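Build out the structure end to end from the sequences listed, making use of the hints.
Under our numbering, the final residue of the sequence shown carries the number 425; numbering is consecutive throughout.
FYI, nobody ran anything at the bench for these hints, they're computed from the structure. Quick caveat, the model's predicted, so the values are computed rather than measured. Any given hint could turn out to be false.
[As the list claims (entries may be wrong)] Label-pair distances were calculated between CB atoms; the ranges are:
hint: 1; residue 1: R375; residue 2: A212; range: 50 to 58 Å
hint: 2; residue 1: R201; residue 2: K365; range: 36 to 44 Å
hint: 3; residue 1: R246; residue 2: V316; range: 42 to 50 Å
hint: 4; residue 1: A212; residue 2: V191; range: 18 to 26 Å
hint: 5; residue 1: V316; residue 2: Q197; range: 42 to 50 Å
We put the CB at the ideal spot given by N, CA and C, even for glycine.
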Amino acid sequence: ALHASAQAALPQVEAAVKQSIHRLSVLLGLPPEALGAELEREAPIPTAPDRVIVGLPSQLLQRRPDVRRAERRLAAATATIGSAVAELYPRFSLTGAFGLDSLGSSNLFEWHSRAWSLGPSIRWPIFSAGRLQAQVAVEDARTAQALADYEKSVLIALEDVENALVAYLREGERRTALAAAVAADRKSVELADDLYRKGLTSFIDVLDAQRALYIAQSELARSQAQVTLDLVALYKALGGGWESQEK
Numbered sequence: 179a180l181h182a183s184a185q186a187a188l189p190q191v192e193a194a195v196k197q198s199i200h201r202l203s204v205l206l207g208l209p210p211e212a213l214g215a216e217l218e219r220e221a222p223i224p225t226a227p228d229r230v231i232v233g234l235p236s237q238l239l240q241r242r243p244d245v246r247r248a249e250r251r252l253a254a255a256t257a258t259i260g261s262a263v264a265e266l267y268p269r270f271s272l273t274g275a276f277g278l279d280s281l282g283s284s285n286l287f288e289w290h291s292r293a294w295s296l297g298p299s300i301r302w303p304i305f306s307a308g309r310l311q312a313q314v315a316v317e318d319a320r321t322a323q324a325l326a327d328y329e330k331s332v333l334i335a336l337e338d339v340e341n342a343l344v345a346y347l348r349e350g351e352r353r354t355a356l357a358a359a360v361a362a363d364r365k366s367v368e369l370a371d372d373l374y375r376k377g378l379t380s381f382i383d384v385l386d387a388q389r390a391l392y393i394a395q396s397e398l399a400r401s402q403a404q405v406t407l408d409l410v411a412l413y414k415a416l417g418g419g420w421e422s423q424e425k
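Following this line, the structure appears as structure tokens:
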């Protein structure tokens with residue numbers, strides 16, 4: 179029955195493998211079947227390293243694309259508000275005169291667009307202070323939003339790492355326990371078979387021991403695969419790290 183169940187699940191596994199190969203090929207800009215010959219070869223489940231280099235939080239913030247994008251948006255917003263505030267202050271020049279200070283040709287010659295030069299070195303658009311202050315308020319709100327987005331992206335990144343790390347460590351513990359269970363069940367099979375050969379037990383006991391062993395081996399194989407998947411999820415949450423592991 180266990181063998182039949184495993185055989186029934188095999189087509190689904192093969193379909194999932196095919197779909198993953200297609201997805202990887204497309205992500206690399208290749209036709210769906212481009213990696214088929216390379217990835218369809220039989221190979222054991224990749225073994226996770228004994229030690230995973232998580233790195234410092236500062237390294238995490240440098241690697242995560244979403245965090246870096248939010249940080250750049252915050253930097254741009256900060257620079258913009260700096261420019262808006264600078265417009266409120268006098269501009270120094272080497273000449274002094276009375277003239278017009280307009281942003282568009284439609285109001286170029288209107289009186290409210292005039293600007294004063296106070297002496298030969300200071301130019302100050304004194305009649306547009308209200309507009310400039312409103313612009314500062316707008317940019318300040320944008321900067322506050324950019325800061326909130328950055329803080330949120332950092333917290334999400336840290337949460338992703340913590341969740342992935344917990345899943346990886348706990349599944350590793352489960353794999354160790356299952357490996358011990360497989361070893362114990364294997365000894366039970368040997369003992370049951372020895373007792374049966376000596377006429378001290380029935381063959382049913384041997385079958386029960388073998389069934390327990392097969393179940394434990396199946397669970398161990400699933401756990402080994404899950405450990406590898408959890409490691410991939412951890413590297414994804416970290417934004418990298420496998421490069422350091424390979425060195």
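Out of the numbered hints, which ones does the structure contradict?
-> Hint 3 is the one this structure does not satisfy, whereas the remaining hints hold.
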